[in-house]
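A.B. asks: Listed below, chain by chain, are the residues.
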Amino acid sequence: MTADHWHPSATIEALRQRAALLAKIRHFFYQRRVLEVEVPVLSQRATSDPHIESITAEYSGVSTYLATSPEFGLKRLLAAGMGDCYSLGKAFRQGEAGRRHNPEFTLLEWYRCGWDDRRLMLEVAELLGLLLGISRVQTLSYRALFLRELQLDPHSASDKELAACVRRTIALSFIPADRAECLDLLMSHRLEPAMGEGITLLHDFPAHQAALAKVVADEQGTPVARRFEAYVGGLELANGYWELTDSAEQLRRFQADLQYRRTRGRPTPPFDERLLLALQAGMPECAGVALGVDRLMMLAGGYGSIEEVIAFPIARA
Amino acid sequence: MASYSTNEFKGGLKVMLDGDPCSIVENEFVKPGKGQAFNRVKLRNLKTGRVWERTFRSGESLEAADVMDREMQYLYNDGEFFHFMEPETFEQHQASSDAVGDAAKWLKEQDLYTVTLYNGAPLAVTPPNHVILKITDTDPGVRGDTAQGGTKPATLATGAVVKVPLFLEIGETIKVDTRTGEYLGRAKEE
Numbered sequence: 003m004t005a006d007h008w009h010p011s012a013t014i015e016a017l018r019q020r021a022a023l024l025a026k027i028r029h030f031f032y033q034r035r036v037l038e039v040e041v042p043v044l045s046q047r048a049t050s051d052p053h054i055e056s057i058t059a060e061y062s063g064v065s066t067y068l069a070t071s072p073e074f075g076l077k078r079l080l081a082a083g084m085g086d087c088y089s090l091g092k093a094f095r096q097g098e099a100g101r102r103h104n105p106e107f108t109l110l111e112w113y114r115c116g117w118d119d120r121r122l123m124l125e126v127a128e129l130l131g132l133l134l135g136i137s138r139v140q141t142l143s144y145r146a147l148f149l150r151e152l153q154l155d156p157h158s159a160s161d162k163e164l165a166a167c168v169r170r171t172i173a174l175s176f177i178p179a180d181r182a183e184c185l186d187l188l189m190s191h192r193l194e195p196a197m198g199e200g201i202t203l204l205h206d207f208p209a210h211q212a213a214l215a216k217v218v219a220d221e222q223g224t225p226v227a228r229r230f231e232a233y234v235g236g237l238e239l240a241n242g243y244w245e246l247t248d249s250a251e252q253l254r255r256f257q258a259d260l261q262y263r264r265t266r267g268r269p270t271p272p273f274d275e276r277l278l279l280a281l282q283a284g285m286p287e288c289a290g291v292a293l294g295v296d297r298l299m300m301l302a303g304g305y306g307s308i309e310e311v312i313a314f315p316i317a318r319a
Numbered sequence: 009m010a011s012y013s014t015n016e017f018k019g020g021l022k023v024m025l026d027g028d029p030c031s032i033v034e035n036e037f038v039k040p041g042k043g044q045a046f047n048r049v050k051l052r053n054l055k056t057g058r059v060w061e062r063t064f065r066s067g068e069s070l071e072a073a074d075v076m077d078r079e080m081q082y083l084y085n086d087g088e089f090f091h092f093m094e095p096e097t098f099e100q101h102q103a104s105s106d107a108v109g110d111a112a113k114w115l116k117e118q119d120l121y122t123v124t125l126y127n128g129a130p131l132a133v134t135p136p137n138h139v140i141l142k143i144t145d146t147d148p149g150v151r152g153d154t155a156q157g158g159t160k161p162a163t164l165a166t167g168a169v170v171k172v173p174l175f176l177e178i179g180e181t182i183k184v185d186t187r188t189g190e191y192l193g194r195a196k197e198e
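Chains Y and H, in that order, are what the protein sequence lines are.
Using this note's numbering, read the first sequence as starting at 3 and increasing by one per residue.
Using this note's numbering, read the second sequence as starting at 9 and increasing by one per residue.
Hints in this document: simulated from the structure, not taken from any laboratory.
Be careful, since some hints might not be right.
Stated by the list, open to error - A few chain H residues facing chain Y, derived, Cβ under 7 Å:
1) Phe-37
2) Val-38
3) Pro-40
4) Gly-41
5) Lys-42
6) Thr-56
7) Gly-57
8) Arg-58
9) Glu-61
10) Thr-63
11) Phe-64
12) Arg-65
Unchecked claim - Label-pair distances were calculated between CB atoms; the ranges are:
13) Y:Tyr-61 to H:Gly-20: 33 to 43 Å
14) Y:Lys-26 to H:Gly-19: 34 to 44 Å
15) Y:Ala-196 to H:Glu-71: 26 to 36 Å
16) Y:Arg-138 to H:Gly-19: 43 to 53 Å
17) Y:Arg-101 to H:Glu-79: 24 to 34 Å
18) H:Glu-190 to Y:Arg-120: 51 to 61 Å
19) H:Gly-20 to Y:Gln-222: 49 to 59 Å
20) Y:Tyr-61 to H:Gly-128: 50 to 60 Å
21) Y:Leu-24 to H:Arg-194: 41 to 51 Å
22) Y:Ala-317 to H:Thr-134: 25 to 35 Å
23) H:Gly-19 to Y:Ala-196: 23 to 33 Å
24) Y:Gln-222 to H:Asn-127: 27 to 37 Å
25) H:Ser-105 to Y:Arg-101: 37 to 47 Å
26) H:Lys-18 to Y:Pro-195: 42 to 52 Å
For each residue, glycine too, the CB sits at the ideal point set by N, CA and C.
Using the sequences and the accompanying hints, generate a full structural model.
C.D. replies: So, in structure tokens, the structure goes:
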């Protein structure tokens with residue numbers, strides 16, 4: 003540890019810009035009558051997402067988890083009749099550190115009752131346009147982006163074709179285990195860099211990547227996840243869903259996630275049965291989205307790494 | 009031998025890849041919010057100098073390479089090998105011309121260089137960024153022409169040829185950047 007490590011890694015100027023950005027976000031939602039709420043960061047239940055690991059803590063001898071997003075708390079509020087609401091606070095993810103990741107980060111997540119993913123996607127673009135001064139928006143499906151860049155249909159291409167495309171264009175130290183891994187590799191190595199300037203709204207993901215989104219047949223009859231992602235210049239900023247409201251389906255997904263985790267020897271933390279109870283009681287039809295505020299700040303100020311927009315990233319925390 | 013996981017990869021770490029010792033140049037963690045995490049890594053093959061790109065699953069590991077950098081004094085060239093000595097232990101190492109590579113033209117007896125050892129044998133030699141050397145041959149100096157900014161080739165004591173301003177003479181000592189071969193200025197003899 004060098005003597006300089008007491009010092010913030012972000013400049014005072016960057017931290018001022020950050021404060022202004024947070025104020026603008028709050029103003030945006032205030033004007034639209036979306037209410038700011040707070041939900042627990044420390045929880046007895048954790049995400050079951052196959053690729054997101056929680057950081058554990060201990061409270062009075064009981065294992066607890068730092069929230070990887072405010073999603074479950076917000077949904078329980080929606081079921082209780084909260085109405086349109088958002089959370090602007092900290093989230094934590096195990097093992098995620100790099101130029102674009104810090105294990106502790108700031109997440110903006112909001113929900114719109116009666117909306118679907120298509121409508122919420124446009125509001126994301128409005129917010130980004132306002133905060134970043136960008137007007138160029140391209141909206142396309144996951145399938146359309148694969149076809150445009152790789153001449154490959156991600157839903158109908160065979161496992162073999164996907165694997166061949168990966169092998170041809172990406173130098174790997176391992177053999178991809180399945181179709182999902184091939185798609186993730188192509189997305190991060192080939193498609194994100196090819197998105198170009200401006201805002202990209204990508205929708206209709208493969209059904210196996212649904213997470214907590216509804217799965218609905220698209221115009222070609224392919225079941226797709228009604229999930230979207232927003233990128234700016236290839237940097238992933240936000241992930242949204244037309245939310246699953248069916249508690250039985252939610253339970254099946256929790257169980258499938260845990261099964262996936264068990265077979266790979268990963269932790270299987272307890273899932274949130276309180277969310278299931280809330281869904282049973284009835285959550286309004288809604289769309290929700292989570293947006294990484296640190297990355298937004300990188301784009302707003304033209305910073306190349308997340309350390310430049312966080313006062314004390316993990317190495318100095 | 010120890011091994012390193014992708015989350016420990018950082019610039020300068022020495023690891024084995026495909027049987028060759030490599031130095032990590034860059035490590036980028038990539039992860040779609042709802043997808044799997046990978047590390048896109050750039051590594052310099054220390055044998056060939058070529059830079060490889062390779063993607064790992066986050067959490068994969070590579071064996072450490074038995075590679076270390078040592079400061080050594082250059083002694084002499086016997087026609088086949090370049091001889092170096094560790095100043096503290098007086099231990100001597102002979103480096104092939106493959107290992108010395110382009111650094112050969114900057115080698116001055118008694119001066120210190122970074123010798124990279126792989127399994128105990130010299131793999132590469134790196135000169136300091138700046139060296140001070142005497143001009144042994146160049147065209148006669150042109151007085152009063154300092155403002156023109158013209159250059160001429162000059163041969164240095166180690167055999168390197170660099171471009172220098174017109175006013176410099178044989179016997180003068182200059183400072184040169186070994187990474188670019190660029191003339192930096194006159195130097196006092198050290």
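A.B. asks: Decide, hint by hint, whether the structure agrees.
C.D. replies: Hints, verified against the model:
no.: 1; hint: Phe-37; result: holds (3 Å)
no.: 2; hint: Val-38; result: holds (5 Å)
no.: 3; hint: Pro-40; result: holds (6 Å)
no.: 4; hint: Gly-41; result: holds (5 Å)
no.: 5; hint: Lys-42; result: holds (5 Å)
no.: 6; hint: Thr-56; result: violated (16 Å)
no.: 7; hint: Gly-57; result: violated (18 Å)
no.: 8; hint: Arg-58; result: violated (13 Å)
no.: 9; hint: Glu-61; result: holds (5 Å)
no.: 10; hint: Thr-63; result: holds (5 Å)
no.: 11; hint: Phe-64; result: holds (5 Å)
no.: 12; hint: Arg-65; result: holds (6 Å)
no.: 13; hint: Y:Tyr-61 to H:Gly-20: 33 to 43 Å; result: holds (40 Å)
no.: 14; hint: Y:Lys-26 to H:Gly-19: 34 to 44 Å; result: holds (36 Å)
no.: 15; hint: Y:Ala-196 to H:Glu-71: 26 to 36 Å; result: holds (35 Å)
no.: 16; hint: Y:Arg-138 to H:Gly-19: 43 to 53 Å; result: violated (35 Å)
no.: 17; hint: Y:Arg-101 to H:Glu-79: 24 to 34 Å; result: holds (32 Å)
no.: 18; hint: H:Glu-190 to Y:Arg-120: 51 to 61 Å; result: holds (58 Å)
no.: 19; hint: H:Gly-20 to Y:Gln-222: 49 to 59 Å; result: holds (50 Å)
no.: 20; hint: Y:Tyr-61 to H:Gly-128: 50 to 60 Å; result: holds (53 Å)
no.: 21; hint: Y:Leu-24 to H:Arg-194: 41 to 51 Å; result: violated (55 Å)
no.: 22; hint: Y:Ala-317 to H:Thr-134: 25 to 35 Å; result: holds (28 Å)
no.: 23; hint: H:Gly-19 to Y:Ala-196: 23 to 33 Å; result: holds (27 Å)
no.: 24; hint: Y:Gln-222 to H:Asn-127: 27 to 37 Å; result: violated (58 Å)
no.: 25; hint: H:Ser-105 to Y:Arg-101: 37 to 47 Å; result: holds (39 Å)
no.: 26; hint: H:Lys-18 to Y:Pro-195: 42 to 52 Å; result: violated (23 Å)
In summary, the structure is inconsistent with hints 6, 7, 8, 16, 21, 24 and 26 from the numbered list given earlier, while agreeing with the others.
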